[in-house]
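Using the sequences and the hints given, assemble the complete structure.
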Amino acid sequence: MTPRQIGLNLGGLVALIGLLGLFYWQSTGARAVPALTNALQDKDAKVRIAAAQALAEIGQAAAPAVTPLLNQALHDPVQYASTEAARTLKTINLAAARQVMTAYLPALKDDDVQARRKACVVLGGLGPVAKPAVPNLISALNDTDETVRMHAVGSLGEIGIPATLVIPALIKALHDPAQAVRHRALSQFAFSIPPTEAVIPHLKQLLEDKDLGIATLARSALNSPHRQAKDRISVYVTMLQMGSANDYALRQLAQLGPEAAGTVPAVISVLKDKRPLYRYLAAEVLGAIGFDAKDAVPALIAALQDIDPVVQMGVEDALEAIGTPEAHQAVTAHRHTESSK
Amino acid sequence: MTTLRDTRTLTRITVTLYWGCIVFGLALPGVVTVAHNIYQRHGAFAEAWQEFRLHLFAPGYNLFLIGVLNAIPFILLAVFILFHLGTAAKQKPMIITRRLIGVAGAVAVAVGLSAWAHIGTTLYPDAQGALVYFFLPIYLLVLIPLGYACGRLVSNLLFRKPAPPA
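In order, the protein sequences belong to chains A and B.
Once you know that position 308 of the first sequence is 307 in numbering that gives the first Met the number 0, the rest is easy, because the numbers rise by one and skip nothing.
Once you know that position 134 of the second sequence is 133 in numbering that gives the first Met the number 0, the rest is easy, because the numbers rise by one and skip nothing.
The hints are simulated quantities; they were obtained by calculation from the structure and are not laboratory data.
One or more hints might be untrue.
[Claimed, not checked] Stretch by stretch, here's where chain B covers chain A in the computed footprint (C-beta under 8 Å, at least three residues):
{"#": "1", "region": "5-12"}
{"#": "2", "region": "23-36"}
{"#": "3", "region": "44-57"}
Just so you know, even glycine gets a beta-carbon here, dropped at the ideal spot from N, CA and C.
So, in structure tokens, the structure goes:
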């Protein structure tokens, strides 16, 4: 081969790599949003689900897709497609996610069992943003349908806050007559919710469960690394500082409540994160810590001006939970301003 | 000495191997995925193709990234082939043959190992299966030279230099 021929072939390879790079650039990030938004209208549920998941990866840059996502979350006949749309919305627009929550709350009392099941699952998909739905989901634990109760348990685990309501509800579910419900409740303590001291006796009791699967899972929950969550606070702080898996770290800290008091400075810095979900979760952590987070009051007062109304609500709750006179005064003034608008 | 016709044949072989390696490396993961989807759906190519396209950049799948990772050692092999065989015409025919057999060994190892890894991972999915996609290029980069060495060894055994006249 002549040097020219070799050069041409190498040039062809460089051109191919360039084309692949262009294809990647065109198919990812905000540039992919129009195509993914169209895919949300596809007749194939798998396409709609994959499109919603891809939009979640893009995050806030997928804002133009909020309306079709909202539509999918509220009206898609396929439960999983609705859930994935709801899951995506919480990463893009908290107000839209709250809209989904509000729309599904009445469905928890629907006569149609399928509607109640779907409502539970979709609310769980919203994660901590669906915190106001916790009391309704706790009521769903008394549903006559075992699957509704099981989904309600799963959703409570996914929402995870406030721990003061969620953990007692999950403890109650540990003694549900249905094996599937007990199993789901145990899974929460084994894999996502740090079991508090109040949970341990119930887990020990389940070690003797006649169902071997339940007994094994109870052992897993008792041996769960989450049990030493207090010792892992430094890990969560490192995660926050590195900006990796912030939602997980913040949720864990919110569940720990006052025990996470040492993390206040790290959490304050998240109040200025560009992602509203993280800012909301940071406010939830500070609220869960309570009075010990009093050093965060000035930052929280500043965060009352957050552009996201759901973050503002979370900040108000946090200030009320901290309860210093300065915090109360700021909340009152903010509510007054908001109502006069 | 090689004739003009031999040179053209060698160029054709070189270019075919060069682009074949690149295309194979990039396309293999996709081809395996689509074939597996078709097998699962009993022949619905359109659905299998759509599913593949959906998962090109989807979290948890990233078939595009897998294709690129798989292509890296193949691209390096292709460039090696381009220079090694592309400049071989000036050599004696025996050396050209030995180089061809060496390259065949390298290509066989690359294609065989890569195909085996991708088919195996697709047929028997596992929680840690995705690790294959990260380690495979490293294994290939080590084993391709070994394949070439084996090919050269075989060619040395098959085509010995004629003994010098006594």
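- Hint by hint, which ones does the structure fall short of? none
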